[in-house]
Amino acid sequence: LGVRCLAQGHLSRGIAGPRLEPTTLDLLLNRSNHYTVKKMILTFEKRSYKNQELRIKFPDNPEKFMEAELDLNDIIQEMHVIATIPELYHLLVELNAVHSLLGLLSHDNTDILNELTDIDTLHESEEGAEVLIDALLEGQVVALMVQNMERLDETVKEEADGVYNTLAVIENMAEFRPGLCTEAAQQGLMQWLLKRIKAKMPFDANKLYCSEILAILLQNNDKTRELLGEMDGIDVLLQQLSVFKRHNPATAEEQEMMENLFDALCSCLMLPANRDRFLRGEGLQLMNLMLREKKMSRVSALKVLDYGVIGPEGSDNCHKFVDILGLRTIFPLFMKTPKKMKKVGVSDKEHEEHVCSIIASMLRNLKGQQRSRLLSKFTENDCEKVDRLMELHFKYLEAVQLADKRIEGEKHDMVRRGEIIDDAMDDEFYLRRLDAGLFVLQLVCYIMVEICNAGVPQLQQRVHQILNLRGGSVKIVRHIMRVFLFYLNSMTLFLCKNENIVALQ
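Using the working numbering, the first residue of the sequence shown is number 1, and each one after it goes up by one.
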């Protein structure tokens with residue numbers, strides 16, 4: 001390492017000396033680094049073993065191992081430099097230093113593991129990083145870190161910092177290798193996170209970090225979602241979120257934690273079994289109250305409700321939502337997009353998408369009396385909700401048509417240049433159409449089809465009347481629904497019946 005600094009100093013300052021070719025210099029630096037790091041690791045191993053031996057021999061006499069403790073701390077501080085040379089991580093494994101590194105967890109020395117697993121450093125040398133991560137996992141690093149966090153007293157600043165550094169190590173490893181989330185959750189991390197989140201402690205950086213790690217564990221992972229459900233984690237999330245029913249977060253950090261918990265809840269609801277747990281935990285009642293209270297939590301509560309009622313597995317939640325007078329909550333949001341939504345970073349399109357998705361799910365799932373109550377909402381006040389539905393139809397139809405013109409222009413240019421428009425490119429164009437508002441348009445058309453097919457002549461007549469007045473076309477609606485059905489073949493949002501489309505004829 002000294003050679004690297006010396007060589008770089010000569011090169012940068014122009015000090016006279018033998019000129020080294022870049023390849024020769026690199027070789028010299030690599031050999032020097034290799035030797036220095038190897039020596040450092042062996043010294044660390046030796047001091048770590050001596051410290052452990054003295055601690056066992058004199059457990060009640062700290063003075064006997066104080067000098068060894070200081071020597072160990074000195075070499076640990078020196079070893080931080082290894083985090084700048086990830087290509088030599090393999091030496092930690094080859095010299096069996098990983099076991100000793102894991103032993104540092106009981107000494108509150110988590111900062112070095114945090115630096116070694118820094119995500120930017122890991123990506124500098126994928127090969128070295130893979131070797132280190134494999135060795136850490138083989139040493140049950142997550143289980144050891146959980147055990148360490150359980151014994152730490154977070155009222156002591158140094159120990160609270162140790163928890164934070166430990167969570168940083170977990171985040172780094174999960175980002176570098178997402179597949180380890182399941183294993184980490186099963187090794188006690190999920191249980192510890194839930195326990196820490198619901199602990200009656202003042203809000204702090206560690207609670208915020210726990211909410212972030214929890215959301216990461218649940219991303220695209222049905223196994224961790226199932227594990228959380230089995231641990232009554234849905235109830236924990238609902239209890240923590242209930243605080244924001246009538247009160248806004250006090251700080252930006254607390255708002256971030258609230259959003260992390262909402263994200264975790266939405267992710268959990270993608271597992272059908274958790275929708276039943278959400279129902280039994282009175283999650284619908286909480287979301288309904290949040291939507292009525294008009295606090296900051298209302299935005300995320302709408303998203304959670306959408307996830308909770310979607311698909312055939314959301315049928316029970318749809319019926320319960322009607323029973324708790326949820327229609328009185330959702331339709332005012334359908335009729336007018338609240339101005340406050342923009343202030344919290346939510347677009348009109350995002351809001352209208354969630355509301356239309358919820359109504360579409362209810363039309364798909366509701367039976368009997370609850371379905372009749374939903375349909376009656378469209379007839380009241382001279383079919384004002386049908387008028388609003390058609391307003392949204394033309395709004396998003398225009399937006400999609402503008403996007404289609406741009407896409408067609410791009411396709412024309414590509415053909416002229418001799419480029420091939422393959423399936424991947426078609427999918428990309430379709431995603432752009434969705435982003436322009438096609439998905440909201442599809443939901444609106446689905447609602448139109450359902451209410452026209454409901455056996456209420458008044459609704460079908462009003463839809464046709466507005467289409468004719470504004471130069472709309474039934475053919476366009478049919479085409480939109482056919483495309484919708486085509487792309488739903490591999491999705492589980494909800495299943496429309498082809499024969500319903502003829503109801504608009």
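Please keep in mind that the hints were generated in silico from the structure rather than gathered at the bench. Every residue, glycine too, gets a C-beta built ideally from N, C-alpha and C. A few of these clues could be false.
[Claimed, not checked] Pairs of lysine-lysine residues, derived as BS3-like cross-links and limited to a Cα-Cα distance of at most 30 Å, are as follows: (1) LYS207 with LYS295; (2) LYS377 with LYS339; (3) LYS336 with LYS320.
[As the list claims (entries may be wrong)] Derived CB-CB ranges, DEER-like: (4) ASP422 with ILE75: 50 to 58 Å; (5) LYS475 with ASP134: 55 to 63 Å; (6) VAL243 with ASP134: 52 to 60 Å; (7) ALA252 with ILE119: 32 to 40 Å.
Going down the list of hints, with the structure as the test:
A C-alpha spacing of about 22 Å is found between LYS207 and LYS295, which places the hinted pair at or below 30 Å, so the restraint holds. In summary, the hint linking LYS377 to LYS339 is supported, as the alpha carbons are separated by about 23 Å, within the 30 Å threshold. Between LYS336 and LYS320 the CA atoms are separated by roughly 24 Å; this keeps the pair inside 30 Å, and the hint holds. Between ASP422 and ILE75 the beta carbon distance is about 57 Å. The supplied range of 50 to 58 Å therefore holds.
For the pair LYS475 and ASP134, the supplied restraint of 55 to 63 Å holds, since their beta-carbon distance comes to about 59 Å. Taking the beta carbon of each, VAL243 and ASP134 are about 41 Å apart, not inside 52 to 60 Å as hinted. Between ALA252 and ILE119 the CB atoms are about 23 Å apart, so this pair departs from the stated range of 32 to 40 Å.
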